[in-house]
Amino acid sequence: MQELTVNDAVSSALAEEMRRDPRVLMFGEGVATTRPDLVAEFGSERVRNTPLAEAVIAGTAAGAAAMGLRPVIDLLYAPFLTLSMDAIINSAGKLRYLSGGQFAFPMVVLARTGAGWGVGAQHNHNLEAMFVHAPGLKVVMPSNAADFKGLLKSALHDDNPVMFFMDMTLGHTPGAVPAGEHVVPLGRAAVLRSGRDVTLVSYSKTVGHCLTAAQELAELGVDAEVIDLRTLKPLDEATLLRSVRKSGRLVVVHEAAAPCGVGAEIAALVSEQAFEALKSPVRRLTGPDAPAPSSWVLEQAGVPQPEAIVRAAAGLVLCDEVSA
Amino acid sequence: MSSPSRLALLETMMLIRAHEERLAKDAGQTPGTCTAVGQEAAAAGVMAALSPRDRILTNHRSAGHLLARGADPGRLMAEILGRADGYCRGKSGSLHVSAKELGVVLTSTIVGGELSLAPGVALAQKMGSAGTEAGGITAVFFGDGAACEGILHESVNLAVTWKLPLLYVCENNQWQAFVRRDETMPNAQVREWVQGHGLPSFAVDGNDVDAVRRAALAAAEHVRTQGTPYFLELVTYRQRGHYEPDDQAYVDRDELARWKERDPIRMLRERLLAEGVIARGELAHLEQRVADTIAAAHAFALASPWPELRELTTDVYA
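Residue numbers (my numbering), protein chains in the order written: chain D, 1 to 324; chain Z, 1001 to 1318.
Here chain Z stands alone, though its shape is the one from the complex (with noise of 0.2 Å):
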């Protein structure tokens, strides 16, 4: 499998932060959106290192994951705006959003909810079920948030125990809700939580593309040759409020700054600039690009149908 371009990489992120944006702008029309600005790398360069077989679970924070595992822009937009046309159907809105022809199983929102489904995913793959492909695994993204619910200890201790083949992707944002990471753990890094377990683990810059896709196909290449765990910490940070729309009148100006210094899109078209992998008149026309797809797949969405009212109670039951 051949990884993408670093310059694909970049589209990614700029398409992910314009779809998130965007979003951002209609708050009050989308209700419970949860943005990952600022955490664009990890979602690029952990897909990246993924393939076709493997399987996704995500949680609120999603757009990002969906986007580069290939989502179409439209149909997520229509079902953050709860349209007809959307990956659910209109159902999840933006809180849970599932597609199962990505292989992006089962996003839950309930913080941790993930880290207990994503043993079971992997458990399928390591018996060959029927929806499964072989020599897939299973990533899980969640953050430091749900790092501190008790789950995360529960699905770590069975994952090793029962040689699972499942990528733990830790996405270090700094902010749980509305708290301070530094308020609720004594440690900067998860990571430490979790080597008494056993597994491997490594931390790295998430907001440098370049090194959370080494550091990705290392751990994915662990998983699957192995067929046990990894744990993989991205740190990084939620540009952000929790959810749209947000003031952020409790972040520290200096620090969201800081990091702003640090924008993972930021870096990586300065890197790119500076190597002369991409050209400001090239970098240009990829912007051009980006925003004529977000403003295609708004339209789209605005355009979708509200799902019938019959649906309110169809899929209830299989």
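If we strip away everything but chain D, and leave its shape as in the complex, we get (with noise of 0.2 Å):
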């Protein structure tokens, strides 16, 4: 094991790959500036920086991704991928599907959101979920630095599009991370502490505010499983399934709005498929339907903390008690 934060994890899992890979390159605003040590030992023609042009920027990782390279592209905030938006959904996400599968797009797409910077809206928008929508791509958002460099890298060994979405207060956090090759595989979800009685479900910066509730909870007498997410799209269905036929409760917390939003997908997969195991209503507990404001105060609103996680998963554990 050896200690890494988060930004450190990502750039060694970066440089690991493009050693073993000749196919992947790296493009984006500032990338070259901020990576001198990739530009070093790979070369300008791998690590590039760009224009201010996030459109032709996916497109170009696009085109050079149906051609055989595999490229990584770093789009700075998630806000500006609403620039990019063509590129990633309509060519990347689609192309191979209306070629009759002669194409791939073995892409990985960075973006950076989440509150605690107090830059307001137009940096901060969880929008995850919007590429979950989107048919032909993967969505990854991870918690901690050895999920960041073993889902970057899985992201990088796969052939199909990938959006990485990283929380930016996460970027300076510490987390140890196994030593030498590590890759943690798409689509498979973490059970970061086992509990019978209720279910919390998160991703990225959340999932730490679960575990935190998670022990106050244990002082309350209830025993919370915490699960984290990690991969979005594909979701790990079978594990969320067996946590909650298991505990019978279900609260699932992230920082996004909770419109058409991953906790919406998971109460109607859990309604669907586990509705005969449910004690209680599924709960979300979710970022507003507003954009995210720059006071430290209002931004720190705006995200589900522990307190609250709390008390929603002891209000359905204990009104469920007193109600037996």
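Hint data in this document are derived by calculation from the structure and do not stem from the laboratory.
Just so it is clear, CB atoms sit at the ideal spot from N, CA and C, and this is done for glycine as well.
Watch out, some of these pointers could steer you wrong.
Quick partial rundown of chain D residues pointing at chain Z, CB under 10 Å, derived from the structure [unchecked claim]:
#1 R23
#2 T50
#3 A65
#4 K94
Calculated pairs, BS3-like style, for lysine-lysine (alpha carbon to alpha carbon, straight line, at most 30 Å) [said to hold, decoys possible]:
#5 Z:K1100 to Z:K1025
#6 D:K246 to D:K279
#7 Z:K1100 to Z:K1126
#8 Z:K1260 to Z:K1025
#9 D:K153 to Z:K1126
#10 Z:K1100 to D:K153
These two chains come separately, so use the hints to put the complex back together.
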């Protein structure tokens, strides 16, 4: 094991994969400027700065991917993705299918989001669910350094376009990362804490909030299971359903807004496939259906905090016990 | 590489015309078909200047480009009719036909989509990626409509800055869906916009296939030897509507008649007759051969089975 920040874990995954596979190249706004180590090792042909032009950055990645390269592009902040939607959704996501399988689009799109820097809604927008809704894409949003490294490596091995969302406040957070080759498969959730009374499901930064809440719940005598989805598409339905069938109660927690979000999808999945196991309604704790503000106080108020998770989970469990 | 004879160009253009008119007759069974009738010289002339190692990106008016590149008319028609023997197994239909085996890659029907993808294809060629052949260039076909998308500027700027082997082929056909080009652009030619990017550019009569081929050979030679982009504009006219069926009630009759006077097939045919390159009898023979090819292609397409229903969800992921 080694202690790495999330940013260093990402860098080590990039360097290892560029070393392993000469088809991997990386470009984006300031990529060469901010990663001189990669330029030094792999040269300026494989590590490139681009104009501030998200549409053609993403389109160039899709074109290069279809021709056999494996590009990683850094689009900086998730809201900037809206300028590259045509290339990602209409080209990378659809042209494999529309061409009858003639092309593949092995590419990775990096984008940062999440409350904590007070940058406001045009730099902070958890819009990952939009991409879950788009066919042909995979969507990843890790919560800790080891997963950032292992999932990014899997994303780079994958033959499909992978959206790789990074909560910007996690960047400097250290975590234990296995030494040597470390790969985490896409589409597999992690059960971070086992429990029998209630399932807390989350991804990205709010996984940490769920773990904190689970400790507090334990002090109240509530045994919470915590699941980190890690990959939003493909979704690890089996792990989710197994947990809900055990606990009978589910709280989904994410910073993104509720309408048509990951929580809505999970609630629907559970009601369709594990309705008989549910002892109480599924709860969602999400950010508001509002743009992210800049003011620290307002910004934090928009993120589901551990206290709210404790209240929601304890409410489901203890109300049941009272009524029983 | 030897460029095809003028007779071969004439036959290609006639084949494209016959293919498009055959499909236009089937309007209603060929969803979304957008023809490029009147623009055959652009397809035939530019393809005559490209080599098999080159890669081509096109758009929703792609039939001419595909046929000029050597696509099988039967498989192309099967694709447009949604049949299993189509180039994309019926999943594309008319609007986004690509044929990797012909080097026609990544056809996008999003106006300007091909402009965003083309630099990546050219980058892969420049880097010698496994899917490319040494010395190949990329040619991207788009129209004056796409030129009004912001992506034109992003694409050309990147191709110039990164020194990509990319040939831009703008078919300025005077129509942007249902809107006249002169309603959306202050200048008559797109070329004026891209000159500020510092790449060589040239505009030519897009209905004169001899002129198109000459210009395309020079343009492709520049891209191949310099490894840098070139902008070729073909001034032409969309003789049919935006898609089929379209009564073109919004089109000025005199304007349409003027351009039909300058029809590219008619121009080449008369020139070849006048120069004695072809005799009337030979021409009739050519016409019959094209008609037979299209009839056979249409029969093949109609006989091709529908895709199996399981194909609804195949090829979504690699």
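Now for the hints, and whether the structure bears them out:
1. R23: Check passed: Cβ of D:R23 comes within 7 Å of chain Z, closer than 10 Å.
2. T50: Holds: closest Cβ of chain Z sits about 7 Å from D:T50, inside 10 Å.
3. A65: At 7 Å from the nearest chain Z Cβ, D:A65 passes the 10 Å test, so the hint holds.
4. K94: D:K94 check passes; min Cβ-Cβ to chain Z is 8 Å, inside 10 Å.
5. Z:K1100 to Z:K1025: holds, 28 Å
6. D:K246 to D:K279: The hint holds at about 11 Å.
7. Z:K1100 to Z:K1126: holds, 19 Å
8. Z:K1260 to Z:K1025: holds, 19 Å
9. D:K153 to Z:K1126: holds, 26 Å
10. Z:K1100 to D:K153: holds, 29 Å
The structure agrees with every numbered hint stated previously.
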